[in-house]
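Participant: Chains as they are written, first to last, in my numbering: chain A, 1 to 393; chain B, 394 to 587.
No lab work stands behind these hints: they were computed from the structure. Hints should not be assumed to be uniformly reliable.
What the hints assert, rightly or not - Only pairs whose alpha carbons sit at most 25 Å apart, straight line, appear in this in silico DSS-like list of lysine-lysine:
#1 A/Lys77 <-> B/Lys462
#2 B/Lys427 <-> A/Lys77
#3 B/Lys407 <-> A/Lys77
#4 A/Lys15 <-> B/Lys494
#5 B/Lys488 <-> A/Lys15
#6 B/Lys489 <-> A/Lys46
#7 B/Lys489 <-> A/Lys15
#8 A/Lys46 <-> B/Lys471
#9 A/Lys15 <-> B/Lys498
#10 A/Lys359 <-> A/Lys79
#11 B/Lys498 <-> A/Lys46
#12 B/Lys525 <-> A/Lys15
#13 A/Lys182 <-> A/Lys203
#14 B/Lys417 <-> A/Lys79
Said to hold, decoys possible - To spell it out: a stretch of chain A is covered by chain B in this simulated footprint if at least three of its residues, at any positions, have a beta carbon under 8 Å from a beta carbon of chain B; those stretches are:
#15 43-49
#16 57-65
None of these values were measured; they are calculated from a predicted model. Glycine is no exception: its CB is placed at the ideal position from the N, C-alpha and C atoms.
So you can see what is in the structure, the chains are spelled out below.
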Amino acid sequence: MQVKKGVVTDVMLSKMLAGRASDDEVENFADWIKNIDNERYFEQFKEVWHASQNIQSGDELIDQSLKSLLYYIRNRKRKELFRKRVIFIASTAAAILLVFGLFSMFEFIRISGKYDNVLFSDLKYNSESIKVELADGRVINPLTESIGVEEGYQESLTTQNPREINYQRESRLLTDKKDSLKFNSVSIPAGERFVIILSDGTKVYLHSNSCLRYPVSFNSSSRNVSLAGRAYFDVKKSDVPFIVTTNDLSVEVLGTTFDVESKKGADNSSVILIEGSVKVHTSKESKIISPNEMFSFSRRQGESSVSSVDSKAMTQWKDGILVLRELSFNELIESLSSWYGVEIINRSSISNDERFNGKFDRENIEAAIKTVAISAKVRYRIDKGRLIIVDYK
Amino acid sequence: MQDNTHKSNFSNNKFLLDALREGKEEAYEYIFLKYYNNLYSYAFRILNNESDAKECVQSTFCHIWDIRKSLNINDSLKSYIYRSVYNGSIDIIRKKRVLEKYEEKGFLDTYIYSVIQNPEAEIKLLGSETRKAVQSSINSLPERCREIFIRCRVKGYTHAEIASSLNISVKTVENQMTIALTKLREKLKYFIFF
Chain A
1 MQVKKGVVTD
11 VMLSKMLAGR
21 ASDDEVENFA
31 DWIKNIDNER
41 YFEQFKEVWH
51 ASQNIQSGDE
61 LIDQSLKSLL
71 YYIRNRKRKE
81 LFRKRVIFIA
91 STAAAILLVF
101 GLFSMFEFIR
111 ISGKYDNVLF
121 SDLKYNSESI
131 KVELADGRVI
141 NPLTESIGVE
151 EGYQESLTTQ
161 NPREINYQRE
171 SRLLTDKKDS
181 LKFNSVSIPA
191 GERFVIILSD
201 GTKVYLHSNS
211 CLRYPVSFNS
221 SSRNVSLAGR
231 AYFDVKKSDV
241 PFIVTTNDLS
251 VEVLGTTFDV
261 ESKKGADNSS
271 VILIEGSVKV
281 HTSKESKIIS
291 PNEMFSFSRR
301 QGESSVSSVD
311 SKAMTQWKDG
321 ILVLRELSFN
331 ELIESLSSWY
341 GVEIINRSSI
351 SNDERFNGKF
361 DRENIEAAIK
371 TVAISAKVRY
381 RIDKGRLIIV
391 DYK
Chain B
394 MQDNTHKSNF
404 SNNKFLLDAL
414 REGKEEAYEY
424 IFLKYYNNLY
434 SYAFRILNNE
444 SDAKECVQST
454 FCHIWDIRKS
464 LNINDSLKSY
474 IYRSVYNGSI
484 DIIRKKRVLE
494 KYEEKGFLDT
504 YIYSVIQNPE
514 AEIKLLGSET
524 RKAVQSSINS
534 LPERCREIFI
544 RCRVKGYTHA
554 EIASSLNISV
564 KTVENQMTIA
574 LTKLREKLKY
584 FIFF
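Please take these sequences and the hints and turn them into a complete structure.
Facilitator: What follows is the structure, encoded as structure tokens:
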């Protein structure tokens, strides 16, 4: 093929393709290829140049690279496992074995072998008790004292289960003006939970570190309660709206089941709907959410969002199982501390970006802490009744 | 690796894709062995450097693992992989500032679009008649002749450079090149570009 190449030779084209052209040659080439015929020639030259090469990686390189890929994959798998930190109910060693496999079981044995002198009986549990503040200002502990209420209320406050108060009174109508102005409030410390049945039959499960204020009896036009912390409401159907007010939002329903969380100092408040529909009001807006949706209100940004969640799983705490989703290590520790009512100090250096998931039953703090320790690769000791978490190694 | 039933299943694209998404090691091994050599060769011809080519191909496979859950390939897996190697190679030469000298001359676009082999052209070339013909013609050259030809036309060394590295005279290089080109032109009548 006869193409006027001028100063550009085939060797130079090869140099261009092989990345070995000098500055001058690049300049010449840049000029040369502006010509359409040259461009076509180069296209063909390039094709043959590529076709003429038979570069072989060699078996050894393939072998070695494959090994390093598989190594990468396994390493990642392990890391993903740890990153997800799926901590299932930690009540039996068998469950741990199931979740983490043999590998982690050995690690578990290795770690616990070194630190099994930790005596969980040394842990100091929260000594605060559940408090019910009555309308007349008296504060009692329903676990130890009977709720001796004035004038004829004794029979109405049934407490067969010491962790439950029932305000339902068949004998009275809801229109009792006097009682609707009498407010009681219940405070639940860390490590406890409590159930209240309000006068209309609405059942409220109170989470640890929470407080609910409610009238002894609702009147016929409103059902208002206020909440700090977290509670699960199973509201009795009625034409009278039931309104839960917290610091930054209020939830309005007719009859439905939902979970409200509005903790002091937390980044977000949230409402999770299990059944029916609820209307959530913030200072800015009102939103209606559907079952299996979670309304979150970011306190910092003052913005709200709605996402889909598995509402049943996320509200299992009311049945004594704490389910944690996508929490940072600090949040995880805070939740466990509140759930078990012990002081936990985190001195580990786990990144705040890591997310943890887990499921814990209330009865077994030891299994829970051990599982967390394996999963997060931390160790712990008990000092003056407090649990101290430090980096492993 | 010995499991042939598995391997033959992987020739089914959907099956392979599902296995990759699920993170099955065998599937990764399968695509690795299937594509590695050609990808390495391709990356090498863009990067002109052994260790960069190695790194580029390796990180392409690792990348596929990392994003496996969102692996949603509309065209073929093959073009996806080639495109990844291409993008990875360009990233590498960009990082190594190889491109700067082209950029200074306002030649970067042309360099990327005209000089660097794009993945579509590379896939087309693989197993094409052109490639087969060129390869077999070059292979039919006498050894010495082939070596000198490759040094000159593939690697872009001048006659003088080849002469001194092979410890022969420039005249010998010229003669061998004439023989090589005559023979190749004979065989490659339809694409005489050299």
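Participant: State for each hint whether it applies.
Facilitator: Status of each hint after checking the structure:
no.	hint	in the structure
1	A/Lys77 <-> B/Lys462	holds, 13 Å
2	B/Lys427 <-> A/Lys77	holds, 23 Å
3	B/Lys407 <-> A/Lys77	holds, 23 Å
4	A/Lys15 <-> B/Lys494	holds, 15 Å
5	B/Lys488 <-> A/Lys15	holds, 21 Å
6	B/Lys489 <-> A/Lys46	holds, 24 Å
7	B/Lys489 <-> A/Lys15	holds, 19 Å
8	A/Lys46 <-> B/Lys471	holds, 22 Å
9	A/Lys15 <-> B/Lys498	holds, 17 Å
10	A/Lys359 <-> A/Lys79	holds, 20 Å
11	B/Lys498 <-> A/Lys46	holds, 21 Å
12	B/Lys525 <-> A/Lys15	holds, 23 Å
13	A/Lys182 <-> A/Lys203	holds, 19 Å
14	B/Lys417 <-> A/Lys79	holds, 16 Å
15	43-49	holds (count 7)
16	57-65	holds (count 4)
The structure is consistent with each of the numbered hints, conforming to all of them.
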